[in-house]
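Protein chains: 2
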Amino acid sequence: MAGIAVKRKLESEDDGELSLKVKKTKVMSDNVGEEGEPVCQKILSGFKTSSVLIDYTREKKIFIHGKLADQDAVVILEKTPFRENDLAEVFSTSTLKLDMKNDIYSTYKLRAPPHLNEIKTTVVCPATEKHLNKYKRQESFLVEETKTDYESITLPFIEKQNTFSLQWVYNILQKKAEVERIVYEDSDPDTGFMLLPDFKWDQKQVDDLYLIAIVHPMNIKSLRDLTAEHIPLLKNILQKGQAAILERYSLPANKLRVYLHYQPSYYHLHIHFTNLGYDAPGCGVDRAHLLSDVIQNLQSDPDYYKKRTLYFPLRVDDKLFSTFKEAGRV
Amino acid sequence: MAGIAVKRKLESEDDGELSLKVKKTKVMSDNVGEEGEPVCQKILSGFKTSSVLIDYTREKKIFIHGKLADQDAVVILEKTPFRENDLAEVFSTSTLKLDMKNDIYSTYKLRAPPHLNEIKTTVVCPATEKHLNKYKRQESFLVEETKTDYESITLPFIEKQNTFSLQWVYNILQKKAEVERIVYEDSDPDTGFMLLPDFKWDQKQVDDLYLIAIVHPMNIKSLRDLTAEHIPLLKNILQKGQAAILERYSLPANKLRVYLHYQPSYYHLHIHFTNLGYDAPGCGVDRAHLLSDVIQNLQSDPDYYKKRTLYFPLRVDDKLFSTFKEAGRV
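Residue numbers (the numbering used here), protein chains in the order written: chain A, -14 to 315; chain B, -14 to 315.
Don't take every hint at face value.
Copies of the same chain look alike in the list, so a pair counts if it works inside one copy or between any two.
To be verified - The list that follows gives simulated cross-link-like pairs (lysine-lysine, BS3-like), each with its CA atoms no further than 27 angstroms apart:
1) Lys185 - Lys206
2) Lys185 - Lys94
3) Lys82 - Lys94
4) Lys33 - Lys86
By construction, these hints were calculated from the structure, which means they are not laboratory data.
Assemble the whole structure, with the sequences as input and the hints as a guide.
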């Protein structure tokens, strides 16, 4: 099969899902019909399910482990959202089976022509043990981290991390990568930051707007490092980040949810800006801290986050979880 | 059409969605085939779309306003979750159209036989203005409420509310209603509470476990009324609520998210207990406050919540939002 070299990177998302970052390629297939259109084939007719790795019933998305031509494979099926342009045809061509009728309310099972009700399918084949572990539902536990726990467990854990793991952050700050994605920059070394769209956001609509502000100061690992001396930085991010989003996306400050994560997914301070109307993964109170609240807390107590007991979820396959467990704190 | 009287109640959920509580009836239809099975009909072939009221792309659910036989109607379409028992047939009978192939990853559009890919459909016809308003996407705005705002705007608003609006809460506390639903009770008048499943939880699995603890003390409207004198109450709820859930549902404390809402949906203090693994509606940081954090804050500052500026989302059709707007605070 002809190929164009593409950059492919597997990244672990905050919610544990694996996101495939690829530059889109041309459709490359041997299964091409007369006019170059791909034909429909029963490619998965030989797929044998071994187990369901995880089933997101709310999102109608399922991850399945199985065998395809004797190889381990993961198949991801996801129902597609409705397309407004298709609705007329859906209504005129679908058949309905009545479930219940009660006064003005009636419920049905609707059967639409397949081309109007496609299922997004991803196949990973051959799939490795790493794929299976990444996709499998991982239990999370709520962990309690006192000031002492931070100093004796978490901080040594962070310090042991490979310094190269933040190289991609530094590449952005030094404009060695992703320069075209920068929405806004304040280059002040003490109070400045860069604002970029998060990879989870396809930028096609503002409904699920999601940007990240990466701070310029190099020595702030997380919420735990913040003291009153950082208030000017935090206020600057809040104010200028909101202004930049208003200007670029016409979304005002009172339609934004602005917060930090603890634990963060990487230990260089960054702030999340999401559309208030969007239940962004990771905006739950067990992990998120409103930036306005953080500023207010530091104003009333400069060492608030040094002294505080903090609570956060950790997945059982997270190395930090193992570390807390070994320390007898879980 | 033959009918059995059923109790039907439209209830407005916390997230603004309308939930239809009906006792299931027999399938009652004139459109019945030979063996009593409902036949499939193109019932919506005459439906003309006027507008999309709201489109939940994450959940693959859409609410559509239109006309059916010259009457206003609302049609709700929702893709169905995958059923594990159907997967083998889905794989063996579906055709796939290749979108992209890159090394071990390939993506497709899958077309399944309609009976394996049904769409849950609800028709409300005739629909009233009230239905359209309930279903329509309501914008929310993040509101900033200072100590002064609370005293001058919110508190007068709460005090004007009809006292009967809390009668259902008192009925529970006085065991005049829902007695069979009580999971646990501590009847102490100062530190006690009742623990019941939330109506959003069908109790069929613990994945989406959701219980509410309603406090016995009668004079605590919300987070704003909490002071250090309430710490024994709050600690009692946290400890005994977690113990009761462990005993009844085998879910330990470190798998729970325990929080209050501000603003709450009713002004008698109540605490939410949800499964940590479940992204419960309303667990977002813009509205939820971890009970452990509340206790910690009151321990360090007895008047923390009296002095604090709090942030919370309000829908534009919320009367409190109008009140803030009239006061020039939005």
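Open item on the list: Could you work out which of the previously given hints the structure breaks and list their numbers from low to high?
Closed with: Those not satisfied: there are none.
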